[in-house]
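Top to bottom, those sequences are chains A and B. When we follow my numbering, the leftmost residue of the first sequence carries the number 1, and every step to the right adds one. When we follow my numbering, the leftmost residue of the second sequence carries the number 1, and every step to the right adds one.
Because the hints were derived from the structure by calculation, they are not lab data. Just so you know, not all the hints are guaranteed correct.
[Claimed, not checked] Examples of chain B residues lying across from chain A (beta carbon under 8 Å, computed):
1) 15
2) 21
3) 25
4) 26
5) 32
6) 33
7) 39
8) 44
9) 55
All values reported here derive from a predicted model rather than from experimental measurement. For glycine and all other residues, C-beta sits at the position ideal for the given N, C-alpha and C.
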Amino acid sequence: MLRLPEEAATAGIGRLASVRWSLLLVALMLSVVGAATVHSASAAMPVEYLPRQLAWLGAGLLVFLVTFSLDYQRLALLALPFYGVAMGLLVLVLFFGQVRGGSRSWFAVGGFGIQPSEVAKVATAILLAQYLAGLEGEYLRLREILIASGIVLLPIALLYFEPDLGGALMYVPLLVSMLLVAGIKKRYLVIAAATAVVVGALGWGLIHDYQRERVLTFLNPSRDPLGAGYQVRQSKIAVGSGELVGRGYMRGTQSQLRFLPARHTDFIFAVLAEEWGFLGVAFVLFLYGSFLFGCAEVAARARDRLGMLLAVGFFATFAFHVLWNTGMVVGLAPNSGIPLPFLSYGGSFMLFSFAATGLVLGVDFRRYVNR
Amino acid sequence: MASIVRTRERLETMATRVRVVSVLVGIALAAIAGTYWWVQGLHGPEYRELADNNRLRRFPIRAPRGIVFDRAGRPLAENVPSYNLLLEPDASNDVQKSLAFAGAILETDPEQLHRLLVAHRRERPVDPALVAENLTLAQVARFELAALEHPEFEIDVQQLRLYRHREQTAHVLGYLAEAGPQELQSGEYERGDMIGRRGIESQFERQLRGKDGDRVVVVDSRGRAVDEFPPVPPTPGTNLKLSIDLDLQQTAQRLLADSVGAVVALDPRDGQILALASSPSYDPNLFARRLRADDWKRLAENDLHPLQNRSLQNTQPPGSTFKPLIALAGLTEHVIDPNTTFYCSGAATFYGHSRRCWRPQGHGAVNLHAAIRNSCDVYFYNVGQRLGIERIARYARLFGLGELTGIDIPGEKPGLVPNEAWSRRVRKIPWYPGETISVAIGQGPILLTPLQLAVMTGAIATGRIETPHLLERPAPARPIQGISRASFAAVREGLQAVVDSGTGHAAFVPGLAIAGKTGTAQVVAQHVRTRAEDLSFETRDHAWFISFAPVEDPQLVVVVFIEHGGHGASAAAPVAKGMYEEFLKKRPDLRVAPPA
Numbered sequence: 001m002l003r004l005p006e007e008a009a010t011a012g013i014g015r016l017a018s019v020r021w022s023l024l025l026v027a028l029m030l031s032v033v034g035a036a037t038v039h040s041a042s043a044a045m046p047v048e049y050l051p052r053q054l055a056w057l058g059a060g061l062l063v064f065l066v067t068f069s070l071d072y073q074r075l076a077l078l079a080l081p082f083y084g085v086a087m088g089l090l091v092l093v094l095f096f097g098q099v100r101g102g103s104r105s106w107f108a109v110g111g112f113g114i115q116p117s118e119v120a121k122v123a124t125a126i127l128l129a130q131y132l133a134g135l136e137g138e139y140l141r142l143r144e145i146l147i148a149s150g151i152v153l154l155p156i157a158l159l160y161f162e163p164d165l166g167g168a169l170m171y172v173p174l175l176v177s178m179l180l181v182a183g184i185k186k187r188y189l190v191i192a193a194a195t196a197v198v199v200g201a202l203g204w205g206l207i208h209d210y211q212r213e214r215v216l217t218f219l220n221p222s223r224d225p226l227g228a229g230y231q232v233r234q235s236k237i238a239v240g241s242g243e244l245v246g247r248g249y250m251r252g253t254q255s256q257l258r259f260l261p262a263r264h265t266d267f268i269f270a271v272l273a274e275e276w277g278f279l280g281v282a283f284v285l286f287l288y289g290s291f292l293f294g295c296a297e298v299a300a301r302a303r304d305r306l307g308m309l310l311a312v313g314f315f316a317t318f319a320f321h322v323l324w325n326t327g328m329v330v331g332l333a334p335n336s337g338i339p340l341p342f343l344s345y346g347g348s349f350m351l352f353s354f355a356a357t358g359l360v361l362g363v364d365f366r367r368y369v370n371r
Numbered sequence: 001m002a003s004i005v006r007t008r009e010r011l012e013t014m015a016t017r018v019r020v021v022s023v024l025v026g027i028a029l030a031a032i033a034g035t036y037w038w039v040q041g042l043h044g045p046e047y048r049e050l051a052d053n054n055r056l057r058r059f060p061i062r063a064p065r066g067i068v069f070d071r072a073g074r075p076l077a078e079n080v081p082s083y084n085l086l087l088e089p090d091a092s093n094d095v096q097k098s099l100a101f102a103g104a105i106l107e108t109d110p111e112q113l114h115r116l117l118v119a120h121r122r123e124r125p126v127d128p129a130l131v132a133e134n135l136t137l138a139q140v141a142r143f144e145l146a147a148l149e150h151p152e153f154e155i156d157v158q159q160l161r162l163y164r165h166r167e168q169t170a171h172v173l174g175y176l177a178e179a180g181p182q183e184l185q186s187g188e189y190e191r192g193d194m195i196g197r198r199g200i201e202s203q204f205e206r207q208l209r210g211k212d213g214d215r216v217v218v219v220d221s222r223g224r225a226v227d228e229f230p231p232v233p234p235t236p237g238t239n240l241k242l243s244i245d246l247d248l249q250q251t252a253q254r255l256l257a258d259s260v261g262a263v264v265a266l267d268p269r270d271g272q273i274l275a276l277a278s279s280p281s282y283d284p285n286l287f288a289r290r291l292r293a294d295d296w297k298r299l300a301e302n303d304l305h306p307l308q309n310r311s312l313q314n315t316q317p318p319g320s321t322f323k324p325l326i327a328l329a330g331l332t333e334h335v336i337d338p339n340t341t342f343y344c345s346g347a348a349t350f351y352g353h354s355r356r357c358w359r360p361q362g363h364g365a366v367n368l369h370a371a372i373r374n375s376c377d378v379y380f381y382n383v384g385q386r387l388g389i390e391r392i393a394r395y396a397r398l399f400g401l402g403e404l405t406g407i408d409i410p411g412e413k414p415g416l417v418p419n420e421a422w423s424r425r426v427r428k429i430p431w432y433p434g435e436t437i438s439v440a441i442g443q444g445p446i447l448l449t450p451l452q453l454a455v456m457t458g459a460i461a462t463g464r465i466e467t468p469h470l471l472e473r474p475a476p477a478r479p480i481q482g483i484s485r486a487s488f489a490a491v492r493e494g495l496q497a498v499v500d501s502g503t504g505h506a507a508f509v510p511g512l513a514i515a516g517k518t519g520t521a522q523v524v525a526q527h528v529r530t531r532a533e534d535l536s537f538e539t540r541d542h543a544w545f546i547s548f549a550p551v552e553d554p555q556l557v558v559v560v561f562i563e564h565g566g567h568g569a570s571a572a573a574p575v576a577k578g579m580y581e582e583f584l585k586k587r588p589d590l591r592v593a594p595p596a
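Build out the structure end to end from the sequences listed, making use of the hints.
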């Protein structure tokens, strides 16, 4: 069908209006809460992280505009080379990256650090969605499941060497959610669950001592009150002491007196919980709920497999980040360096979050065209 | 077309799956919210307290314990600074390194320090851990010098109790030890608090202890103070001035040094204790420095029980020191008068049993004066027989025997004054008249402490019962009712003759009129006369000596008890002599020029 440019333009405006913009609005609200909390968390630190966080936020919005504008269908055509480049970066970082927090996972770009694993996550998501979208058949065949798993296992293996356990873990929801939605037979589901157990057992032997220590400490926090248990313990104290309405902005003793490690990054939710109490927690969880529900809605109303799978992959990734991080802060999950989307300080993950949001809304935007 | 429909159907199925997954995520999110409600809403106050404990650190400011002085104001128990080492592990970059550093200075195994640290952390997770006590000044200096590289260490200055006269005042003062489970449970003491045990330290714990103050500091996670509240100053403990005369106390303890026994010296005019000695003794400073296990073992397993204060805890038959009381009872009950004589042939038969006098060849005809001076047993057998056990017991109680004297030192024993009722109640047998004959010379089932005999001696000297005390006179004197001045005078006269020319001449001090009485308490009934020196230590008799001086104006009572000392005359009387000589050095006014 041939369309006139004018028509296309008017149709475009109508389409723009139908996009689920509340998703971006919620993301921005979360970012504002995040910036304010980062400011509070860094009050007792030598560096004020707020300007940097705002810079990353600005960069994130630019990335959002780019990924929103790109047609994911066309992007998918480039999925393989994009994936190849991303894997190349993951290999390069192993040799030329900077070590931070025990992992060789950063490239220094100017004064900022970039984690290629976040780029790789986008590339992997696109390639996986593209591969699964192109498959015929109601249910996936074993060979297809294995190929899909292979796409994800390569970056996981590379991240294992950095070592970045949290980063590697985040590929799992991507794979699982896309497989589930693409259609997987119950029997494979059972096999997959069994495989997960075996891999888990093997993984226990492969992970590093300090990671194992963290898991053991998670299971029994009083195991090592001087070391690994300290972080979780202090975090729980911070959360609990917030009680209902919190200690007040910038007045959390756990945060301001530096009892809380990694308070501007992985444990930022503890700062928020301490200073704003359960009311603040409930508000932010509500925002996350709306955001996740929005992502799921976009996925559900997508008109093609590729768009739907892409949106589902990002939905699952966001959901896993939110659940794991908020759970970790109250001691429900082991501490494995998983940041909170839009709240935690950190550039790469901020860029990833906005890129993913842009792609998801891009899927929504193009739901009447791509079918 | 068909393919489009099929695609639609597939998309619908997939959308359904998406919704299922999103519902699952929603449930998980609700569970997370529920957990936060649990932690913040339901258990918030507990965590808030933890947070406050995290940032508020309470440093107790120990109240200095009251100083104990002797009557002349010489310190007996005082406080000296002691240096303890605290470790704040959160302030250390590398705890292992810190421990190795401390271990090198303290010459201790860092492993041992680590165990202490972990144990302390488990108990009190937010306070700095006490890892070493009583550092030398050299060690303190080395930690202070390294304060910049090792901010995790802190020197804590505490007061340590010092008993500078060690063994010599141990039985008077007692010692300090760490509060036990019971005291901790009472809530009045905290772990690590020291509490007075035995002696004055225990008796006057409340006054001596004072009230700790505290300093509350707001700290950050590295233990650095960021703010401080106005401190609550401690209330120091009350200083105590005891009636103890350090010189007499030291003399008594020195004279006892090689024997097992006790010396009580008191002022009969008001009951003030001047010396309260017991041997063997112990070094109370060992306890203040947290007694080492082997030291405790040595004290606890010592057969001579150095922790026992024999002056008020050891009950023994008084032997012949009981005779003056029998004499007073006999005179008052008119069973004898001062001129009543009994014939002593060296033995006499009572209730079908032959009873020996201590002097095999006998004393011949003896009246009261001679009987006291020579301690004639046969004379007192007769008086005792005439009195009977009930009257003897009544007079014994009149003089404060068989009950607590009320001294302000804990642990006193009441001893035993037997009578018919006691025999039936406790022994479940009737009282044998023959036992009365034994009790009349202070043998048999009568048990008294040296302190009780001192109170009795004071009453014989003054006619009044005074409550013995070291701090405050707890009650006014209780005059002895019913005994005439003449009876007292007759007995005192006899007692003076004991020292002047009788069995207690070993206590004679030129220029001082001393009244006294020797005593020998049988440990094993001897059927064959044996010299004390020929008996083994355990079977040898206990030696007693009771005395007061000057006879006309009594100002000092001295009672000496030597366990397994043999005879009172040879073992106990010389100790009393030493006490009076020391007393005269302080009170030369009491010395009268010996007749030329």
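key: Earlier hints that do not hold, by number   = none
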